[in-house]
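Assemble the complex: chain A is given as a structure, and chain B must be docked to it using the hints.
Number of protein chains: 2
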Amino acid sequence: MRVLVVGSVALDTVKTPFGEVEDALGGSAVYFSAAARYFAPVDVVGVVGEDFPMAELDFLRAGSVNLEGVRTAKGRTFRWSGVYGSDINERETLDTQLNVFTDFHPELPESYRDAPYVFLANIDPTLQLDVLDQVRAPKRVVCDTMNFWIEGKREVLLKVLKRTHIVMLNEGEIRQLVGESNLIKASKKVLNLGPEVVVVKKGEHGALMVSKDAFFFAPAYPTEHVFDPTGAGDSFAGGFVGYLAQADDFGEEHLRRAVIYGSVMASFNVERFSMERLKNLEEKEIEERFQTFREMVRITA
Amino acid sequence: MRVLVVGSVALDTVKTPFGEVEDALGGSAVYFSAAARYFAPVDVVGVVGEDFPMAELDFLRAGSVNLEGVRTAKGRTFRWSGVYGSDINERETLDTQLNVFTDFHPELPESYRDAPYVFLANIDPTLQLDVLDQVRAPKRVVCDTMNFWIEGKREVLLKVLKRTHIVMLNEGEIRQLVGESNLIKASKKVLNLGPEVVVVKKGEHGALMVSKDAFFFAPAYPTEHVFDPTGAGDSFAGGFVGYLAQADDFGEEHLRRAVIYGSVMASFNVERFSMERLKNLEEKEIEERFQTFREMVRITA
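So the protein lines, in turn, are chains A and B.
Each residue of the first sequence is one higher than the last, beginning at 0 in numbering that gives the first Met the number 0.
Each residue of the second sequence is one higher than the last, beginning at 0 in numbering that gives the first Met the number 0.
Chain A with its partners taken away, still in its complex shape (with noise of 0.2 Å):
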């Protein structure tokens, strides 16, 4: 099955610990293309600017990832600047220049409207309201957002929940969504806003799924060098997403697998710079890593 998403493409400026990159490729929509791609056709709904190189995107057309969304507006492309400290899970955002993105309204083409699965990744919730409106009958809604949202938009916010099936947030934005401090608690009242299924993002301590009947506790993949934490929420948004229009089903069971593939795909993408590794792996590398994260929770009976 097809995925749409809707999200930023964009050029970073990014400095860790371990070097540094200027304009690289990145955006929500392109990480979640470049790990979703793996598992099923991706349709992406973007804009950038006169001088994006749209050549730097060959490498998704090439591999089952429909652009024909992604519109070239007059003006620069949007950037993001972030510098990573020597704890490699804190980050200061340097500078965010919105550019054509500001007067962005997502059209989407009339093949994109009848997909099934649907990632709306984090952009002004307004933007993820109108993308709904043009999609026909999606089996699953995804959303992601952020704590300016969380904030500022609130209300539209809640609207876009109440239409979303599953939705991703990281620990710090389900307690501002909610106001309660335990996971639990939290998750369970992120529950009664629309969506069925809540997956808590908590970085080096792996994620979190709650549903009306399950838990389910993913561990994050044991990596000894984080090199850019940059794009690793939407890259897991990728492989869960991907997943789960691979399987076309969304039971219980593939949930679950569908959260060790966002692991999986989150911990290639921090071993690099921009799309360095998600740009070339081989399934026989997904799988393998696969079998490494059932290893690490395997308990005999």
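Which copy? The list can't say, so a pair holds if one copy fits it or any two copies do.
Each computed SDA-like pair below joins lysine to any residue, with the alpha-carbon atoms no more than 20 Å apart: (1) K211 x Q290; (2) K184 x D86; (3) K201 x P221; (4) K184 x P16; (5) K184 x F17; (6) K187 x D86; (7) K211 x H224; (8) K184 x T291; (9) K184 x H224; (10) K184 x E195; (11) K201 x S180; (12) K211 x E223; (13) K278 x A54; (14) K201 x G171; (15) K187 x E294.
By construction, these hints were calculated from the structure, which means they are not laboratory data.
In this text, all values refer to a predicted model and were calculated from it rather than measured experimentally.
Using the frame of chain A, we list chain B on its own:
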């Protein structure tokens, strides 16, 4: 197989958002024994003051815990007082009165010296070393410690670690011990100090076990109401060491199960103040919760 524990027997005054208790039974050796006795007989070494209400330990005596090594000394019992805030994971120590613990020198009854399994609870590493000098040929030594000793008695602690098979640390302690923020790298550095296994206790994020050849990740129990976290680490150790002693096998498969039994006992402990929950558990409850833990990480092929 029997388990030997050396640690504190204390009277705790604790305040949480859900209530408070004064001079309630506490101490690392007590929390440990209260949990471990469900798996194996326990020999305790410790000291109490003349004011100590010995009858409060009756439930341990009745439950295969040998208190022959608990001496009564002139003076008052060790007291600890703390308060937990609305984020139950953060606590502030209000008062620590060492009292009879100041001049404590552990003396093992002859019958304790062939202990096959030894748990050195969080006390002055000089005393931990004292105990190790008195046991003849333990199969496994498990050690706990804290920031205070890592900073103030580093050299002695390193001597203890050289003679320790399994060390338990929380995230802050392990980072402090080896000066490394990446948990995986930090754990490997600890393996170079002597222990063959490191268990990192991560509270609401579960536990991570690292050995030369394997990683094991255990979830935390999805507790909605952490009532009082006091003793969580020691009851974890009780379930962990108790299970190993029961199995009398410390191969990887048993170590993994031990981590889960540790998590099980800690999850019960935090549901009530003091020993209230650990006092009267049924084997069936323990087994059911063990199965819940398995279910939380189950991934089908």
